[in-house]
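Heads up: the sequence lines are chains D and H, in that order. 922 is the number that the numbering used here gives to position 179 of the first sequence; each next residue is one higher, with no gaps. 144 is the number that the numbering used here gives to position 134 of the second sequence; each next residue is one higher, with no gaps.
Among these hints, one or two may not hold up.
[To be verified] Within a straight-line C-alpha distance of at most 16 Å, the following computed EDC-like cross-link-like pairs (lysine to aspartate or glutamate) qualify:
no.	chain 1	residue 1	chain 2	residue 2
1	H	K184	H	E170
2	D	K1144	H	D93
3	D	K1049	H	E126
4	H	K150	H	D136
5	H	K209	H	E229
6	D	K1049	H	E120
7	D	K1045	H	E126
8	D	K1222	H	D96
9	D	K1292	H	D80
10	H	K184	H	E208
11	H	K221	H	D30
12	D	K1144	H	E99
13	H	K143	D	D845
14	D	K1292	H	D66
15	H	K79	D	D1155
16	D	K1144	H	D96
17	D	K1045	H	D136
18	D	K844	H	D96
19	H	K209	H	E40
20	H	K83	D	D1155
21	D	K844	H	E99
22	H	K193	H	E40
[Said to hold, decoys possible] Pulled from the structure, derived: some chain D residues nowhere near chain H, Cβ distances all over 12 Å:
no.	residue
23	G780
24	M795
25	M808
26	L826
27	P881
28	L906
29	L925
30	I942
31	E1000
32	F1025
33	Y1255
34	S1258
[As the list claims (entries may be wrong)] To give an idea of the interface, some chain D residues facing chain H are shown, with a C-beta separation under 7 Å as derived from the structure:
no.	residue
35	S1051
36	Q1053
37	N1060
38	N1145
39	V1154
The hints are simulated quantities; they were obtained by calculation from the structure and are not laboratory data. Here a beta-carbon is modelled for each residue, glycine too, at the ideal position from N, C-alpha and C.
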Amino acid sequence: MGKFFSLLKMQINSQLGLSAARYALKHDKKSLWKGLGMGLAILVSLGVFAFMYIFLMIQFHESAMVLQTPQLIITIGAVGCGLFVLFFGIFYILGALFLAKDTEFLASLPIRQESVFLSKFILVLLGEYPLVLFMMLPPVIIYGVNAQKDVLYYLAAAFCMLLLPLVPLLLASLFSLLLMQLVSKTRRRDLILLIGSVILVLVLFIGPNLLFSGMDENDPDIMLKLLQKSDGLIDISGRIFPPAVWMTRVLSLDFPESLLNLGYLILLSAAAFGLVYLLASFVYQKGATAQMESEKRGKIAKLNYKASSQLLVMYRNEWRIILRTPIYAMNSLILVFVGPFLMCLPLVGGSMAQDPDIQALYTLIEQGRNGPVLPLILAGILCLINLMNPAVSSTFSREGKNIWILKNIPVDIRIQAMGKLLLGYTITMAGAIATAVVMAFAFKLDVPVTLLSIGLCALALIPVNVTGIYIDLMRPKLKWNNPQEAIKQNANVILAMLVGGIILILFGAMAYLLSTLITNTVLLLSTLALILGALSCLSLVALNKAAPKAFRRIEG
Amino acid sequence: MLSIKNVSKSYSKGKVKAVDNISLEVRKGEIFGFLGPNGAGKTTTIKMIAGILSIDEGSIVINGHDIAKDPIKAKLSMGFVPDTHDVYERLTGIDYLNFIADVYNVPQAERKKNIEKYLEMFEMMDAVGQPIKSYSHGMKQKIILTGALLHQPPLWILDEPLTGLDPRAAHLLKEEMHRHCEKGNTVFFSTHILEVAEKLCHRIGIINKGKIITVGTMEELRHSSDASLESIFLEMTEEGSGVNG
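Could you put together the complete structure from these sequences and hints?
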């Protein structure tokens, strides 16, 4: 046990940079304050999202009160939380367990493989608690305050929140362990890992959709039966994640039912943990070492010596690295294509296709077909979805220790930055086009409207991407153990998202102002395109001016 | 070929002086050995020459180009091998070499000739199509060396170039260093293997605690006796023996 705790302590220390922070506290207070200030700025910015989420939850609580099931707010929060943990957990777990740079080092230590697995699992679990707090505190407090609950309720809620991410994360671990078993048996490991994780993500999201699509929500008899049963709505809402139902019952029912449901929650968590831990003790090492083994090919490869321009080679090099690093591909590429598909899934023949609200939306789209509003709104949606892509805002951070190559090669940083920007822009635009096509199909949009929205999005995303690359160039996160950290634990990605969001809000405000001044659709859209084009050019010029100074400051 | 004038570099906002006002002239046609104990400032100096670290004070001129003012031309004049084996592990060897050839503007015919020359020399032809992550330390070093030399730069900057190389590859590299210098080019390299420095270098510089404490040929360093480089090194880098160079 001593070895395990020592390992866990070391991993937490390394992950959170505790020793480095302690050192900074003694010797370099300025950098510590800088880091804290940056963290605080991000927290404040996230406060906007927290405010929106709390507002949404209050609204939901009021509706649930009308249905006499105010505790539904906890079920919904817990289901959302469970799905988030599961979705992101797969990437976190794969990154931490199998793709981290310390895998080889840890394999060389005289520590049992299940201890290594457990320490890494706990590390990922600890990283999930901020998300759990973010998503669960508002529903727990809103319900608790309204129902005038006592201290025991809050203690039980805290205990349930501790248990909540366990099951989805264990499920993610189980999938990852099985996937890595498969990967370890194949020759093209990176490719299989990539395809496997896409399939996993799709299965995870198609599953719940299928679960709901079996129920006709517009059937009055079913709805009546659900409402007549005191917790019918809770049952159906928690169908995809039973721990959410148990947590709701722990917090809303009296003794002994509450204790019984707590027992279910503990039992399922313990059983899932036991199963995954047992499996890990047999198969973890094999999957982890498979990634270290070489992918040597039998025959000698045909060598190609074709020359290309510096800009093109920077662009192509970025592509190769993203495509051949599963973590980068999963985060930058897969979400771009899987995201839009999953978002529109319920609309295409799924449970929501016959929803009266969606039908009303179709009517609205039909009415706005010839006006400027539809392409503007669509362009806004395309921009917002692709704002989340970290391909641009982590581009220099992803270099990690290889930054010496960029610093040493005789290529002007402006060309390097342009190559990287071009790659990120290609990915975000590919995502925007994919989203636009799926949306055109789902919402029955015309080709001109779709093309206009893609065009406006293409212009608006240039300044957004330029800002992202500049933020990462200013302060790249070059010291990381796991490529996942270069993206998921990179403040630049969040900051770029927030700043990009502000830029898009300003663009939206500008479009609204213009629409009040110009009534002609063609003139309005042309004016907007011209302004966005000019701003794009300005942002590129600004990047060209600022990049050399920022690059000089990087000392890898 | 390489001129370092009054160069200083500090870390932690000036609190730690890693390199303290050093000056060096490395001539055309010579192999210059750069020695020093761990943490003496060797790698910091080399990284400043390579344009990886910025220079706080002073200047470094490579083949007539100031690395701070004209970094692109200065970098085109040198081939750099770092002391680590960090390289794009997800690329294949040939992807990496083509990338380097492209950024150093090496024409297709020349790149093919040079890449094949070094790959054959390092016995890497069979492995060059495989991902770099499958390479051993020595193989990574060989691919980095090939990348650094393939554009035939007049100045080679090599930080611990022999680390990880098998005896045959190390021998061939040393011969290549000689051939390079015979053509009027220059090699600036750091090493901890004093026997290699003693036999290979035309001149040697020793750095300690950020200061150059001596520069000269082996004969000049020996003064009168026939002391080995090891005893000279130990004597000069002994605690408290730092002398301004």
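Hint-by-hint comparison with the structure:
| no. | hint | in the structure |
| --- | --- | --- |
| 1 | H:K184 - H:E170 | holds, 12 Å |
| 2 | D:K1144 - H:D93 | holds, 12 Å |
| 3 | D:K1049 - H:E126 | holds, 14 Å |
| 4 | H:K150 - H:D136 | holds, 14 Å |
| 5 | H:K209 - H:E229 | holds, 12 Å |
| 6 | D:K1049 - H:E120 | holds, 11 Å |
| 7 | D:K1045 - H:E126 | holds, 13 Å |
| 8 | D:K1222 - H:D96 | holds, 13 Å |
| 9 | D:K1292 - H:D80 | holds, 14 Å |
| 10 | H:K184 - H:E208 | holds, 13 Å |
| 11 | H:K221 - H:D30 | holds, 5 Å |
| 12 | D:K1144 - H:E99 | holds, 11 Å |
| 13 | H:K143 - D:D845 | holds, 14 Å |
| 14 | D:K1292 - H:D66 | holds, 14 Å |
| 15 | H:K79 - D:D1155 | holds, 12 Å |
| 16 | D:K1144 - H:D96 | holds, 6 Å |
| 17 | D:K1045 - H:D136 | holds, 10 Å |
| 18 | D:K844 - H:D96 | holds, 12 Å |
| 19 | H:K209 - H:E40 | holds, 13 Å |
| 20 | H:K83 - D:D1155 | holds, 10 Å |
| 21 | D:K844 - H:E99 | holds, 12 Å |
| 22 | H:K193 - H:E40 | holds, 10 Å |
| 23 | G780 | holds, 17 Å |
| 24 | M795 | holds, 39 Å |
| 25 | M808 | holds, 54 Å |
| 26 | L826 | holds, 31 Å |
| 27 | P881 | holds, 41 Å |
| 28 | L906 | holds, 38 Å |
| 29 | L925 | holds, 20 Å |
| 30 | I942 | holds, 22 Å |
| 31 | E1000 | holds, 54 Å |
| 32 | F1025 | holds, 26 Å |
| 33 | Y1255 | holds, 45 Å |
| 34 | S1258 | holds, 47 Å |
| 35 | S1051 | holds, 6 Å |
| 36 | Q1053 | holds, 6 Å |
| 37 | N1060 | holds, 5 Å |
| 38 | N1145 | holds, 6 Å |
| 39 | V1154 | holds, 5 Å |
No hint from the list above goes unmet by this structure.
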